[in-house]
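Now for the letters of each chain:
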Amino acid sequence: MTTHPSPAVIARYADREADLDEVMVWSVEVHLEDCADCRALVAAGTADDTQALLARVAAAVDRGIAAGPAPAPRRRWSAARNRWLVWRLMPWLTMTVAVLGCAVLLQAVRPSLPSLVAMLAPVAPLPGVAIAWSRRHDPAWELIAGTPAAGLTMLLRRTAGVLAVVVPALALASTRTGVSLALTLLPCLAFTAATIALGAFIGVRLAALALGSVWTLAVVLPAMDTAELPLVLQPGSTLVWALLTLVLAGLAATRADNFRRLASHN
Amino acid sequence: MRTVSAAETAPTTYPWAVHAEGLRVRAGRHLAVDGLDLALGTGVHGLLGPNGAGKTTLMRALATVLKPAGGRLTLLGEAVDGRADLRRVRRGLGYLPQQFGFYPRFTVREFVEYMAWLKEMPKTAVPGAAQRAIERVGLAAKAGARMKTLSGGMLRRAGIAQAIVNDPAVLLLDEPTVGLDPEQRLDFRELLRDLGVDSCLLVSTHLVEDVVAACTDVVLVNEGRLVYQGTPDDLIARGGAGDPGDSPAERGYSALLRRHRAETDR
Numbered sequence: 001m002t003t004h005p006s007p008a009v010i011a012r013y014a015d016r017e018a019d020l021d022e023v024m025v026w027s028v029e030v031h032l033e034d035c036a037d038c039r040a041l042v043a044a045g046t047a048d049d050t051q052a053l054l055a056r057v058a059a060a061v062d063r064g065i066a067a068g069p070a071p072a073p074r075r076r077w078s079a080a081r082n083r084w085l086v087w088r089l090m091p092w093l094t095m096t097v098a099v100l101g102c103a104v105l106l107q108a109v110r111p112s113l114p115s116l117v118a119m120l121a122p123v124a125p126l127p128g129v130a131i132a133w134s135r136r137h138d139p140a141w142e143l144i145a146g147t148p149a150a151g152l153t154m155l156l157r158r159t160a161g162v163l164a165v166v167v168p169a170l171a172l173a174s175t176r177t178g179v180s181l182a183l184t185l186l187p188c189l190a191f192t193a194a195t196i197a198l199g200a201f202i203g204v205r206l207a208a209l210a211l212g213s214v215w216t217l218a219v220v221l222p223a224m225d226t227a228e229l230p231l232v233l234q235p236g237s238t239l240v241w242a243l244l245t246l247v248l249a250g251l252a253a254t255r256a257d258n259f260r261r262l263a264s265h266n
Numbered sequence: 001m002r003t004v005s006a007a008e009t010a011p012t013t014y015p016w017a018v019h020a021e022g023l024r025v026r027a028g029r030h031l032a033v034d035g036l037d038l039a040l041g042t043g044v045h046g047l048l049g050p051n052g053a054g055k056t057t058l059m060r061a062l063a064t065v066l067k068p069a070g071g072r073l074t075l076l077g078e079a080v081d082g083r084a085d086l087r088r089v090r091r092g093l094g095y096l097p098q099q100f101g102f103y104p105r106f107t108v109r110e111f112v113e114y115m116a117w118l119k120e121m122p123k124t125a126v127p128g129a130a131q132r133a134i135e136r137v138g139l140a141a142k143a144g145a146r147m148k149t150l151s152g153g154m155l156r157r158a159g160i161a162q163a164i165v166n167d168p169a170v171l172l173l174d175e176p177t178v179g180l181d182p183e184q185r186l187d188f189r190e191l192l193r194d195l196g197v198d199s200c201l202l203v204s205t206h207l208v209e210d211v212v213a214a215c216t217d218v219v220l221v222n223e224g225r226l227v228y229q230g231t232p233d234d235l236i237a238r239g240g241a242g243d244p245g246d247s248p249a250e251r252g253y254s255a256l257l258r259r260h261r262a263e264t265d266r
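Those protein sequence lines, which keep their order, are chains A and B.
1 is the number of the first residue of the first sequence in full-length UniProt numbering; add one for each residue after it.
1 is the number of the first residue of the second sequence in full-length UniProt numbering; add one for each residue after it.
In case anyone wonders, no lab produced these hints; they're calculated from the structure.
Everything numeric in this text was worked out from a predicted model, so none of it was measured.
Even for Gly, the Cβ is constructed at its ideal location relative to N, Cα and C.
Any given hint could turn out to be false.
Stated by the list, open to error - Some chain A residues near chain B, calculated using beta-carbon distances under 7 Å:
(1) V23
(2) V30
(3) D34
(4) A36
(5) A66
(6) P139
(7) E142
(8) T147
(9) P148
(10) A256
(11) R260
(12) R261
As the list claims (entries may be wrong) - Cβ pair distances, simulated, as ranges:
(13) B:R83 / A:Q51: 37 to 45 Å
(14) A:D34 / B:D246: 54 to 62 Å
(15) A:T153 / B:G242: 54 to 62 Å
(16) A:R157 / B:E135: 36 to 44 Å
(17) B:R83 / A:T226: 24 to 32 Å
To be verified - Facing chain B, a subset of chain A residues (Cβ under 8 Å, in silico):
(18) E29
(19) D37
(20) A59
(21) A60
(22) D62
(23) L143
(24) A149
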């Protein structure tokens, strides 16, 4: 949800004489970078002499750009920002993809086995999510925990990075083995949401470990013993998984404040 | 538009940049800060205390990475409780933790820019702010060097650069002189005096001489409580010839600690 600055704040921002503190100025500037409507409000709120001054400055800048050297290529800033994450996650994501590949091969060799891909789908993203939000794996954890950006949004951003690898791998594995796409992706998303929701209380790493262990002991091992697909992964269960995903995601959103502090259990 | 820094407006918009009443903070299960009262305004405040006095836990609470277990904490005019707008408060803070974690493959500039981004500074302001912060700590020549190639003293300076990149109204430096040689410490004292002109700077250290040389105010804590707050000259005056220490300031420090221990033992 986008919260627009009030017209009064925008008017004070546009007023050169107004005394806005720097934190408020930042908030407005960050918002203006992505909101054309509010930029138009600022433009409309400036005096004629200010607009004339801006027009002269713009013309001078344009002349300077035309006469100056070609600009340096823009740095791939976002790539640098996420480099450490990619570096840390690479072994875990590689392992996850390799395990899914083995499941596909095993399914091809032993078609009588219950779908290994479907059974692995819920736990596939958990190692990556646990590593992405772990003080043991992020050297700047304490530094980052004290910044305004720290919190659920950052966790979700990192989780999205994990899912960007795991979901296509799962989709590919399910199409290769003929398993329903919904029965692999929905449990995967539900367990990811469950890890975040439970992680708000006991830490993401511990939540991932607990959920992975419970799923393995309660579903995977019995299914391997009976050689039958468990009830929770039968075709009729997709609606339940979808609802569960929504409920858990909602629960995680209500506990957003729990991720803003340094927690010893992460 | 005239932009006014948060630090500049601090004395007029709220009486104290940092105000704690009966503050209690846990470090794990241990109550490391136990009923601490503290009021800090603009200036350089040296935080002294023996090992285990609760200095680092206090710094973490002031940096909002640890949640207070009790009492009242107000930062930049905002009460830091369950309803606090932590994002807004954190935009006005700068923090260098005792364990300064960093990404070894980042360059100094990338690291400082990354922290500026986490502090939710406007995208257009980030490169300039990072360059100014790097120049201010004297690392301009190393801006393109990877963090892993820096010496201990340079790393601390890079840590300070990320802390000041947002021109914070409250700057918290936990043991910033660790790893600095005597010459670097002299430079560092100069930097502290410069930073404390328009912000509330709290420096935690074991080195009494650094506090006397660079700070306008001394805060002494022991067993999680405030033992003393006053000027360096007053601290020196508290010491007697019979108190342990190699300098008048150390003798003052020892005398105050002795007196506090005697009072608490009674």
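> What hint numbers does the structure not satisfy?
Replying inline: 3, 4, 5, 10, 16, 17, 19, 20, 21, 22
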